[in-house]
Amino acid sequence: MKRQRPVYRIPKLNVIPIARKEFRQIRRDRRALGLLLLIPAMMLVMFGYALNFDVKHSALGVYDEDNTKTSRDFANLFFNSEYFDHTYQLHDSREMDDLLDDGTVLGVVVVPTDFSENITSGSEAPVQIVVDGANANTATTVLGYINAIIQQYSSNVMAKTFSRLGGQEIQMPIDLRPRIWYNPELRSAKFLVPGLIAFILTIAAVVSTSLAVVREWEMGTVEQIIVSPAKPVELILGKTIPYTIIALISTVTILLAGYVLFDVAIKGSFLWLFIVTFVFLVGSLGLGLLISTVAGTQQVAFMIAVIATMLPTFILSGFVFPIRNMPPIIQAVTYLIPARYFLVALRSIILKGVGPSAFWDQFLLLSAFATLTLAASSIRLRKLLQ
Amino acid sequence: MSTQRIIALLKKEFGQLFKDKKLLPLVFVAPVIQLVILGYAASFDIRNISVALCDLDKTAESRELAEKLVTSGYFTIEYATDDYGTIASYLDDNKVQMAVVIPHRFGDMIVGRQPAKIQVLVDGSEGNTAAIGVSYLNQIVGQYSTQILTEVNGGRSFGGINTEVRAWYNPELKSRVYMVPAMLVMILLITTMNLTAMAVVREKEIGTLEQIMVTPIHPWELIIGKLVPFIIIGAIDVSVVLVVMVFWFDIPIVGSLPLLIGLTGFFLLTTMGLGLFVSTISHTQQQAMMVSQFFILQPMMYVSGFAFPIDNMPRLLQGISWLIPMRHFLFIVRSLILKGAGIGDLWLQSVLLLGMGVCVLGASILRFRKKLD
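In the order they appear, the protein sequences are chains U and R.
Each residue of the first sequence is one higher than the one before, counting from 1 in the numbering used here.
Each residue of the second sequence is one higher than the one before, counting from 1 in the numbering used here.
Pulled out of the complex, with its shape left as it was, chain U reads as follows (with noise of 0.2 Å):
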């Protein structure tokens, strides 16, 4: 820090006695270090493991009013279905509450009194389908289940009828066969490792440079930067270039365990997922920074920090809730979350394997913000240490 300012004109940027000096620091803070290293990966391999929108090993009740040869068997094809864990079948209508207000069962088949007598006739015969609406994401796929059993049963019974009106063989007029894309198997994984990724980085980079500035502060250790020749554009990227080298190698170990333990490959090119996450990596460190020439106190550091990242980027980034959903006024604040356009990025190359075309608009945003943030908290620098 005691360096002379060089002599020569040309402006020099003394940035490597800075990071050098921000380096130190970190390094013999050993649990920080550690945190920051490791955290990223085995966030990942938990959170992996949990992330996940599959309904499987749910439960169903049918409640079998009319209790016939033919409503059994109907039943039946719910006890028989694979894509429930269990199935209750269900002898009054208190038994119903019960299973669903204590969450045993997701939903639960009503079978009425008129039911075998409806379709032995030909007529349309109503099935009442109650489910636990609270997680309406859940209930939705679980009547998907639900109704692609029905639906299979009812295309017998038309067919049925179809052919004692004396008709032929029945077919279904329109053939729709969905052809699923960059995620056959619909993964969750697949589509919310990229997603993580994002997440993580956000966190970890916002979250471990908002203190940076402040604690100089709140420690007076700011005096003796004060008092060096050094400039803010110099401190702000001595503080960061640390953090980033940091940041990318955990960028790194997150993308190895996405392979290793759930199968996300990298479809696009290396050189654009580099250059993509760097320069999140720069606006998100820039933003924490702001966040710590804004903020008087670590504490008010901290709790800024905590509130713009955490729950917007987990929420209107479209890691998880899809951004089209929202409404207008809502979508208009996601454009202020530069983890959306990391995502887009992020998931057009690792999943689609697709080149710059398919993010260009999202990547010159990307960089727009990095631009913001760096010079918005060099600006701030500069006034402070006046």
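The set of hints was computed from the structure by calculation and includes no laboratory data.
Only a predicted model underlies this, so the values are computations on that prediction, with no experimental measurement involved.
Just a few of them, taken from the derived set where beta-carbon distance is under 8 Å, the chain U residues facing chain R:
#, residue
1, 101
2, 126
3, 127
4, 140
5, 151
6, 300
7, 302
8, 307
9, 325
10, 326
Beta carbons are placed, not taken as given, at the ideal position from N, Cα and C, and that holds for glycine.
Following the hints, position chain R against chain U.
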């Protein structure tokens, strides 16, 4: 223990809180803004799936199908093209989530009673949207098929099954109803735990803890003085957030409010305890922040059932989730608010929560006292 000293300490703590002009709005206003924004955003409901339509047929039949997609409300046709070769690029460039191709002679085949094929390409990189989108599409096409069959049969129905769906606890199947009570829990956790952790470590880092230790203050008094302000802040946050939930989001509390408040007290025991625990194992505020972020907040967010159903996790993680207080409190809050569950349904979770609260808070207090002695 002397009430006088505790009151003096409380005055000091509150003075410190109110002096920090930036902290107060963060503590009281931020939760409401967060709840409102995130309450609207945290939705799994799939609507307006973007579609590129390639109608190569252009007959009344193909147009009817396209119209059925749009009127269902689940799909929006963003692009229409006649060029089959460009279909892939719409998906590659993130322009649409689904491409529907209606081939040549689609109408002829329908009229000629032959099975007509429709090609659908789905972007699976957003797996949840893709799965639900395909099931909606199946329903719409299935209905159209039945309609055609009925027309062939001269308007007579073929029987089959007619399903009537009723969703309990959340008749419109809105995910907001499930997520907003959970946000309440999350916001409570973030505010109370973080503040407790930082408040204690801060004194340690700045060195003022030493000064307090040389005063005649008893460790117990110090702990009470540190925790009470945050219990009050937590209580205010809960009330504000509950008011927003009931009056803004229109999610009534079906169960008993006093029971909810009592059980929230149990949960606060655990968050305070965890905050205090973090502060005893950290030397600097940076460490405290990372420990609470990575070891407490994140696991709680993912493994508690906040957004991802616990039933789908591997057995090991399901076991771990039992140790997470937020899992039990989330269950309590959702069952009580949405289903109107009483203590008879929630006693197990309540006992676990209380046990954890007493253990965590007790252990942290013991650890904290030892450090002070």
